[in-house]
Amino acid sequence: MKSIVGKFKDKPSLTTILIIVIIALQVFLVKCGIIPYWLGALCKNDRADDLYLSMLSVAALQASFAGVIVVFGLSTQPKSFRNLRIAAGEALVNNWMSISYSGFLSAGCALAATLTNMLGDKWFSPWFFEASVLFCVHGVIRLLWLLKQLIKIIKDVDSKIAQQDSER
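Everything in the sequence shown is counted per the numbering used here, starting at 1 for the first residue and increasing by one.
Derived from the structure by calculation, the hints contain no laboratory data. Values in this document were obtained by computation on a predicted structure and should not be read as measured data. Glycine included, each C-beta is placed from N, C-alpha and C at the ideal position. Do not rely on the hints blindly, as some may be mistaken.
[Unchecked claim] Simulated pairs of lysine to any residue, SDA-like, Cα-Cα distance not exceeding 20 Å:
#1 Lys155 / Asn83
#2 Lys148 / Gly73
#3 Lys152 / Val71
#4 Lys9 / Gly73
#5 Lys122 / Cys43
#6 Lys44 / Val30
#7 Lys9 / Ile69
#8 Lys122 / Gly108
#9 Lys11 / Met97
#10 Lys11 / Leu61
#11 Lys148 / Ala91
#12 Lys160 / Leu84
#13 Lys79 / Lys9
#14 Lys152 / Ile141
#15 Lys7 / Val71
#16 Lys11 / Leu84
#17 Lys11 / Leu147
#18 Lys152 / Leu74
#19 Lys7 / Ala87
#20 Lys79 / Leu61
#21 Lys31 / Lys122
#22 Lys79 / Ile4
#23 Lys148 / Leu61
#24 Lys11 / Val93
#25 Lys7 / Gly89
#26 Lys11 / Trp145
#27 Lys122 / Gly40
#28 Lys155 / Ala87
#29 Lys9 / Lys148
[Said to hold, decoys possible] Computed spacing ranges between beta-carbons, pair by pair:
#30 Val27 / Lys79: 46 to 56 Å
#31 Met118 / Ala60: 15 to 25 Å
#32 Ser13 / Ser80: 23 to 33 Å
#33 Lys79 / Ile141: 23 to 33 Å
#34 Val157 / Ala91: 19 to 29 Å
#35 Asn45 / Arg85: 39 to 49 Å
#36 Ile22 / Gln149: 23 to 33 Å
Throw the hints in and build the complete structure from the sequences for me.
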(Lines of atoms letter the chains of each structure in order from A and count residues from 1; the text may use other names and numbers.)
(Lines give C-alpha, C1' and ligand atoms only; values in the text may rest on other atoms or scores of the structure.)
Protein backbone atom coordinates (compact mmCIF):
# COMPACT_ATOMS: atom_id res chain seq x y z
CA MET A 1 0.00 0.00 0.00
CA LYS A 2 2.85 2.38 0.83
CA SER A 3 4.37 1.84 -2.61
CA ILE A 4 1.08 2.83 -4.26
CA VAL A 5 0.84 5.99 -2.13
CA GLY A 6 4.51 6.70 -2.90
CA LYS A 7 3.86 6.44 -6.64
CA PHE A 8 0.97 8.90 -6.37
CA LYS A 9 3.14 11.27 -4.30
CA ASP A 10 6.09 11.13 -6.67
CA LYS A 11 4.11 11.02 -9.91
CA PRO A 12 1.14 13.38 -9.56
CA SER A 13 0.31 12.93 -13.24
CA LEU A 14 -1.01 9.48 -12.25
CA THR A 15 -3.67 11.20 -10.14
CA THR A 16 -4.53 13.52 -13.02
CA ILE A 17 -4.91 10.54 -15.36
CA LEU A 18 -6.97 8.69 -12.73
CA ILE A 19 -9.36 11.66 -12.46
CA ILE A 20 -9.83 11.70 -16.24
CA VAL A 21 -10.39 7.92 -16.35
CA ILE A 22 -12.94 8.04 -13.51
CA ILE A 23 -14.95 10.78 -15.21
CA ALA A 24 -14.77 9.05 -18.60
CA LEU A 25 -15.95 5.82 -16.97
CA GLN A 26 -18.85 7.65 -15.30
CA VAL A 27 -19.88 9.22 -18.62
CA PHE A 28 -19.73 5.82 -20.33
CA LEU A 29 -21.75 4.11 -17.57
CA VAL A 30 -24.40 6.85 -17.65
CA LYS A 31 -24.63 6.75 -21.46
CA CYS A 32 -25.09 2.96 -21.31
CA GLY A 33 -27.78 3.35 -18.66
CA ILE A 34 -25.85 1.32 -16.08
CA ILE A 35 -25.78 4.08 -13.46
CA PRO A 36 -28.14 7.03 -13.02
CA TYR A 37 -27.13 10.51 -14.13
CA TRP A 38 -26.51 11.93 -10.69
CA LEU A 39 -25.39 15.30 -12.08
CA GLY A 40 -28.66 15.76 -13.97
CA ALA A 41 -29.98 18.35 -11.51
CA LEU A 42 -27.31 20.78 -12.68
CA CYS A 43 -28.58 20.47 -16.26
CA LYS A 44 -32.05 21.62 -15.21
CA ASN A 45 -30.86 24.53 -13.07
CA ASP A 46 -30.81 27.96 -14.69
CA ARG A 47 -28.18 29.13 -12.20
CA ALA A 48 -25.64 26.42 -13.07
CA ASP A 49 -23.54 28.97 -15.00
CA ASP A 50 -23.01 30.90 -11.76
CA LEU A 51 -21.69 27.77 -10.09
CA TYR A 52 -19.42 26.94 -13.02
CA LEU A 53 -18.06 30.48 -13.19
CA SER A 54 -17.47 30.58 -9.44
CA MET A 55 -15.22 27.56 -9.84
CA LEU A 56 -12.98 29.73 -12.02
CA SER A 57 -12.18 31.92 -9.02
CA VAL A 58 -11.45 28.90 -6.82
CA ALA A 59 -9.13 27.51 -9.49
CA ALA A 60 -7.40 30.90 -9.80
CA LEU A 61 -6.82 30.98 -6.04
CA GLN A 62 -5.36 27.50 -6.13
CA ALA A 63 -3.08 28.35 -9.05
CA SER A 64 -1.85 31.56 -7.43
CA PHE A 65 -1.14 29.83 -4.13
CA ALA A 66 0.78 27.19 -6.09
CA GLY A 67 2.99 29.96 -7.45
CA VAL A 68 3.69 31.15 -3.92
CA ILE A 69 4.72 27.65 -2.81
CA VAL A 70 6.97 27.10 -5.81
CA VAL A 71 8.68 30.49 -5.43
CA PHE A 72 9.07 29.88 -1.67
CA GLY A 73 10.72 26.52 -2.34
CA LEU A 74 12.97 27.84 -5.09
CA SER A 75 14.08 31.13 -3.60
CA THR A 76 14.86 30.08 -0.05
CA GLN A 77 18.55 29.41 0.24
CA PRO A 78 19.30 27.55 3.50
CA LYS A 79 21.37 24.44 2.95
CA SER A 80 18.37 22.34 3.99
CA PHE A 81 16.37 23.57 1.00
CA ARG A 82 19.22 22.88 -1.39
CA ASN A 83 19.50 19.38 0.07
CA LEU A 84 15.75 18.86 -0.37
CA ARG A 85 15.81 20.02 -3.98
CA ILE A 86 18.78 17.76 -4.73
CA ALA A 87 17.42 14.71 -2.88
CA ALA A 88 13.84 15.00 -4.12
CA GLY A 89 14.94 15.68 -7.70
CA GLU A 90 12.39 14.76 -10.33
CA ALA A 91 9.64 13.98 -7.79
CA LEU A 92 9.80 17.55 -6.46
CA VAL A 93 9.73 18.98 -9.98
CA ASN A 94 6.71 16.80 -10.79
CA ASN A 95 4.91 17.99 -7.66
CA TRP A 96 5.65 21.65 -8.31
CA MET A 97 4.46 21.28 -11.89
CA SER A 98 1.35 19.43 -10.73
CA ILE A 99 0.24 22.10 -8.28
CA SER A 100 0.71 24.66 -11.02
CA TYR A 101 -1.05 22.88 -13.87
CA SER A 102 -3.91 21.53 -11.73
CA GLY A 103 -5.18 25.08 -11.18
CA PHE A 104 -5.08 25.76 -14.91
CA LEU A 105 -6.79 22.44 -15.69
CA SER A 106 -9.46 23.25 -13.13
CA ALA A 107 -10.02 26.71 -14.58
CA GLY A 108 -10.13 25.32 -18.12
CA CYS A 109 -12.71 22.71 -17.16
CA ALA A 110 -14.83 25.31 -15.34
CA LEU A 111 -14.73 27.51 -18.45
CA ALA A 112 -15.62 24.51 -20.64
CA ALA A 113 -18.55 23.72 -18.32
CA THR A 114 -19.81 27.28 -18.63
CA LEU A 115 -19.40 27.38 -22.42
CA THR A 116 -21.03 24.00 -23.06
CA ASN A 117 -23.90 24.98 -20.79
CA MET A 118 -24.38 28.34 -22.52
CA LEU A 119 -24.02 26.90 -26.03
CA GLY A 120 -26.75 24.34 -25.49
CA ASP A 121 -25.02 21.05 -24.66
CA LYS A 122 -26.19 21.13 -21.05
CA TRP A 123 -25.85 17.36 -20.61
CA PHE A 124 -22.06 17.44 -20.76
CA SER A 125 -21.31 20.61 -18.78
CA PRO A 126 -21.66 19.01 -15.30
CA TRP A 127 -18.92 16.54 -16.22
CA PHE A 128 -16.56 19.41 -16.96
CA PHE A 129 -17.58 20.92 -13.63
CA GLU A 130 -16.83 17.65 -11.82
CA ALA A 131 -13.42 17.51 -13.48
CA SER A 132 -12.79 21.11 -12.44
CA VAL A 133 -13.61 20.35 -8.82
CA LEU A 134 -11.51 17.16 -8.74
CA PHE A 135 -8.49 18.82 -10.37
CA CYS A 136 -8.72 21.68 -7.90
CA VAL A 137 -9.10 19.37 -4.89
CA HIS A 138 -6.13 17.33 -6.08
CA GLY A 139 -4.06 20.50 -6.42
CA VAL A 140 -5.08 21.85 -3.01
CA ILE A 141 -4.31 18.57 -1.21
CA ARG A 142 -0.91 18.38 -2.87
CA LEU A 143 -0.30 22.09 -2.15
CA LEU A 144 -0.99 21.68 1.54
CA TRP A 145 1.19 18.57 1.70
CA LEU A 146 4.09 20.42 0.04
CA LEU A 147 3.59 23.44 2.29
CA LYS A 148 3.74 21.18 5.35
CA GLN A 149 7.03 19.69 4.13
CA LEU A 150 8.51 23.14 3.52
CA ILE A 151 7.40 24.33 6.96
CA LYS A 152 9.08 21.30 8.54
CA ILE A 153 12.34 22.21 6.83
CA ILE A 154 12.13 25.83 8.03
CA LYS A 155 11.36 24.58 11.55
CA ASP A 156 14.44 22.33 11.48
CA VAL A 157 16.63 25.19 10.21
CA ASP A 158 15.27 27.53 12.89
CA SER A 159 15.86 24.91 15.59
CA LYS A 160 19.48 24.44 14.49
CA ILE A 161 20.07 28.19 14.45
CA ALA A 162 18.48 28.59 17.88
CA GLN A 163 20.64 25.75 19.23
CA GLN A 164 23.79 27.34 17.78
CA ASP A 165 22.84 30.72 19.28
CA SER A 166 22.31 29.19 22.73
CA GLU A 167 25.70 27.41 22.57
CA ARG A 168 27.52 30.71 21.97
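- Provide an ascending list of the numbers of those earlier hints which the structure does not satisfy. The structure conflicts with hints 10, 13, 15, 20 and 22, although it agrees with all the remaining ones.
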